[in-house]
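Just so we're aligned, residue 3 is where the sequence shown starts under the numbering used here, counting upward by one.
For the record, the hints were derived by calculation from the structure and aren't laboratory data.
We put the beta carbon where it would ideally sit given N, CA and C, even for glycine.
Treat the hints with care, since some could be wrong.
To be verified - Pair by pair, the computed Cβ-Cβ distance ranges are:
#, residue 1, residue 2, range
1, 123, 69, 34 to 40 Å
2, 120, 25, 31 to 37 Å
3, 142, 165, 16 to 22 Å
4, 152, 28, 47 to 53 Å
5, 126, 81, 21 to 27 Å
6, 93, 192, 37 to 43 Å
7, 102, 206, 26 to 32 Å
8, 163, 25, 46 to 52 Å
9, 203, 115, 29 to 35 Å
10, 206, 115, 32 to 38 Å
11, 203, 81, 31 to 37 Å
12, 146, 26, 41 to 47 Å
Stated by the list, open to error - Think about it this way: if two alpha-carbon atoms lie no more than 30 Å apart in a straight line, the pair counts; the simulated DSS-like pairs of lysine-lysine are:
#, residue 1, residue 2
13, 38, 85
14, 42, 23
15, 146, 109
16, 24, 189
17, 116, 159
18, 86, 109
19, 24, 38
20, 86, 23
21, 189, 42
22, 42, 53
23, 159, 53
24, 146, 156
25, 146, 159
26, 53, 24
27, 86, 42
28, 86, 24
29, 38, 53
30, 109, 38
31, 23, 189
32, 23, 85
33, 23, 109
34, 38, 159
35, 53, 23
36, 85, 24
37, 42, 109
38, 86, 53
39, 85, 116
40, 53, 109
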Amino acid sequence: MYKSSPDHVAIIMDGNGRWGKKRRLSRSEGHYAGSKQMEKIIDASIELGIKVLTLYAFSSENWSRPSDEVNYLMGLPIRFFNKKLPEFMRRNIQIRISGNTVPLPDKTREVLAKAVSSTENNTGIIVNFAFNYGGRGDIVHAAKTLIEEVRNGKISKDDITEERMQQYLYTGDLPSPNMIIRTGGEKRISNFLLWQSAESELYFSDVFFPDFTGEMLAEAIGQQPVNTYLSG
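With these hints in hand, go ahead and build the complete structure from the sequences.
Structure follows, in structure tokens:
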């Protein structure tokens, strides 16, 4: 329970495909519904005073899904940011990306890079999309970077601390999440922010993400909804 909103909330947006299947729709239609609800969760986070919102959009394990579903998920950021980026600029929202973007299709990688560069000077809420992200890979990436720093003489092995290690994670200078929320009924972390979640509170909801409202987010963090945005 928080007297004020936590600085950083991270959400594992699970249940999109099952939401679609339950309604005799395709998994891709479920992902589209999830993207629309994601917009409302960003709105709710702003209203609740959350400073950093991390959204698990595509995990490094998701490549094993059927090719048509993966292709749809690769195209979703293009449609999302082409539509929302002007609004994010107007509303002073800063976009970050955590994850390995190198294997992504060119158009997907380009639109993500544009979203980050266009909003880097915005000073409002930080919305951090974990895209092609895996917690173990994040730690390995940071470790390799530190090894190179030592090898090149930039630091000594004695300079390697938990604080420096955290700086080399994909989340960089972002604070560790106060709370991680997972929707969809599963009660596991699924390789998400393994280092960063060492002291995070975990909150599990049985609700599929497309039905997870701002009001539910407010309840999860122990706050009262502040306006009608949150029930949308």
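Status of each hint after checking the structure:
1. 123 <-> 69: 34 to 40 Å: At roughly 38 Å between Cβ atoms, residue 69 and residue 123 fall inside 34 to 40 Å, so the hint holds.
2. 120 <-> 25: 31 to 37 Å: holds (35 Å)
3. 142 <-> 165: 16 to 22 Å: holds (19 Å)
4. 152 <-> 28: 47 to 53 Å: Given a distance of about 49 Å, which is inside 47 to 53 Å, the answer is holds.
5. 126 <-> 81: 21 to 27 Å: With Cβ atoms ~23 Å apart, the hint holds.
6. 93 <-> 192: 37 to 43 Å: For residue 192 against residue 93, whose Cβ atoms are near 30 Å apart, the range 37 to 43 Å is violated.
7. 102 <-> 206: 26 to 32 Å: Holds: the Cβ-Cβ distance is about 27 Å, inside 26 to 32 Å.
8. 163 <-> 25: 46 to 52 Å: holds (50 Å)
9. 203 <-> 115: 29 to 35 Å: Hint holds: Cβ distance 33 Å, inside 29 to 35 Å.
10. 206 <-> 115: 32 to 38 Å: The hint (32 to 38 Å, Cβ to Cβ) holds, given that residue 206 and residue 115 are roughly 33 Å apart.
11. 203 <-> 81: 31 to 37 Å: holds (33 Å)
12. 146 <-> 26: 41 to 47 Å: Holds, at about 46 Å.
13. 38 <-> 85: holds (12 Å)
14. 42 <-> 23: Given pair residue 42, residue 23 holds - Cα atoms ~22 Å apart, limit 30 Å.
15. 146 <-> 109: Given that 30 Å is the threshold and the Cα spacing comes to 28 Å, the pair holds.
16. 24 <-> 189: holds (20 Å)
17. 116 <-> 159: violated (36 Å)
18. 86 <-> 109: holds (16 Å)
19. 24 <-> 38: Given that 30 Å is the threshold and the Cα spacing comes to 18 Å, the pair holds.
20. 86 <-> 23: holds (27 Å)
21. 189 <-> 42: At roughly 24 Å apart (the allowed maximum being 30 Å), residue 42 and residue 189 satisfy the hint.
22. 42 <-> 53: At roughly 16 Å apart (the allowed maximum being 30 Å), residue 53 and residue 42 satisfy the hint.
23. 159 <-> 53: Violated, because 34 Å separates the two Cα atoms, which is more than 30 Å.
24. 146 <-> 156: The given pair, whose Cα atoms are some 14 Å apart, holds under the 30 Å limit.
25. 146 <-> 159: holds (13 Å)
26. 53 <-> 24: violated (34 Å)
27. 86 <-> 42: It holds: about 12 Å lies between the C-alpha atoms, which stays within 30 Å.
28. 86 <-> 24: holds (28 Å)
29. 38 <-> 53: holds (21 Å)
30. 109 <-> 38: holds (21 Å)
31. 23 <-> 189: The hint holds at about 21 Å.
32. 23 <-> 85: holds (26 Å)
33. 23 <-> 109: Distance ~29 Å between residue 23 and residue 109 Cα, so the pair holds.
34. 38 <-> 159: violated (46 Å)
35. 53 <-> 23: Roughly 34 Å separates the two Cα atoms, so the pair is violated.
36. 85 <-> 24: holds (28 Å)
37. 42 <-> 109: Holds, because 25 Å separates the two Cα atoms, which is no more than 30 Å.
38. 86 <-> 53: holds (19 Å)
39. 85 <-> 116: Within the cut-off at roughly 13 Å; holds.
40. 53 <-> 109: holds (29 Å)
Hint compliance for this structure: hints 6, 17, 23, 26, 34 and 35 are broken, all remaining hints hold.
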